[in-house]
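Working from the sequences, and respecting the hints, build out all of it.
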Amino acid sequence: MNEILLALLLAISSRPALTSSECAVAKSAEHTYWTHMYLVDEYPEPLPFLHGIVKAAGAEDTTLDGVLVEVFDHPEIALQTHGSQTGKRQKRLGACITGKDGRFSFDPKAGKYELRFSRYDCNVKAVIVEVSKKAHNKTRIEVILEAAT
Amino acid sequence: MFKDTFKDNGKLSNNGKRIAFNFNTYGTAIGLAGRPLADQPADLANGTPVYSVIAYNTNAIGIEVDELYYGVDYETIPDNVVSAEVSGIQQKISPVGLFIHESAEALAFRAYVNMYGSFDAGAYPYAHSRAILKEALIRADLHIAGGFAGAKVKYSVPHDKR
Chain A
1 MNEILLALLL AISSRPALTS SECAVAKSAE HTYWTHMYLV DEYPEPLPFL HGIVKAAGAE
61 DTTLDGVLVE VFDHPEIALQ THGSQTGKRQ KRLGACITGK DGRFSFDPKA GKYELRFSRY
121 DCNVKAVIVE VSKKAHNKTR IEVILEAAT
Chain B
1 MFKDTFKDNG KLSNNGKRIA FNFNTYGTAI GLAGRPLADQ PADLANGTPV YSVIAYNTNA
61 IGIEVDELYY GVDYETIPDN VVSAEVSGIQ QKISPVGLFI HESAEALAFR AYVNMYGSFD
121 AGAYPYAHSR AILKEALIRA DLHIAGGFAG AKVKYSVPHD KR
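Note that the protein sequences, when read in sequence, are chains A and B. According to the working numbering, the first sequence is numbered sequentially starting from 1. According to the working numbering, the second sequence is numbered sequentially starting from 1.
Everything hinted at is true.
SDA-like mimics (lysine to any residue), calculated; alpha carbons at most 20 Å apart, straight line: (1) A:K55 x B:Q40; (2) B:K92 x A:Q80; (3) A:K55 x B:G34.
Just so you know, these hints were derived from the structure itself, not from any lab.
This is the structure we're talking about:
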């Protein structure tokens, strides 16, 4: 009985904290593509979960693939104007890479998160989002990435 | 200043709304003709094509968040670049710094396309790295201190209520 319990605990602890059902899981070695600008904004209302689509600037019907989408805790760090903003104090809870449809989704527990989007040729964008299981707005977050400057 | 920003009825298009949002939220609007994913500069009223647009919201605050040498060969980063970036961490970036960096980058993009024929995956690392090198030289010549515009930077426009 104890062995079963131990195996169950091991299985739970080794599982990625947060996975996406709509884009490919990113390898742990894949980190934010820091190019130049780090642009942070807050999503205006709570959402029950995080799902959305990444599109290309200037061709907004075109979805963008190859975008690393990451979920971090401690989003207040991203909002600071000064202070350490290198992400060292934040824990990455989940990450995936968009496919041709540009979609992503995560279902974290209630709380505030930084949802960060990066690609080798784009400026980094971050959206600070509050997840509330009581929220009714199931709108897809739409993120438009622009060329890195 | 940019193409496809207005609809026929004179209202902002989605593209125009996005550029306006970015300008009012992040404080810059930067475009380069022909570059994928970049906003496209509009021609002048007399039809003269425009290659590059660099606009800065005078209410914007730019901060160098950290060192970043994107595109620069890590084995040969010049000392003057490293010292400029290190000294600028957590400092405000002067508006002229943005214009120096982005105009140098625009010229380097042109050089790259002249050499290789297109804005391929190598274009941005080439242009950005050359702009970093040029920015460091100009900063030193003009005695510009503070944040380094080509490093990892964060721009925002403070609002009383967001």
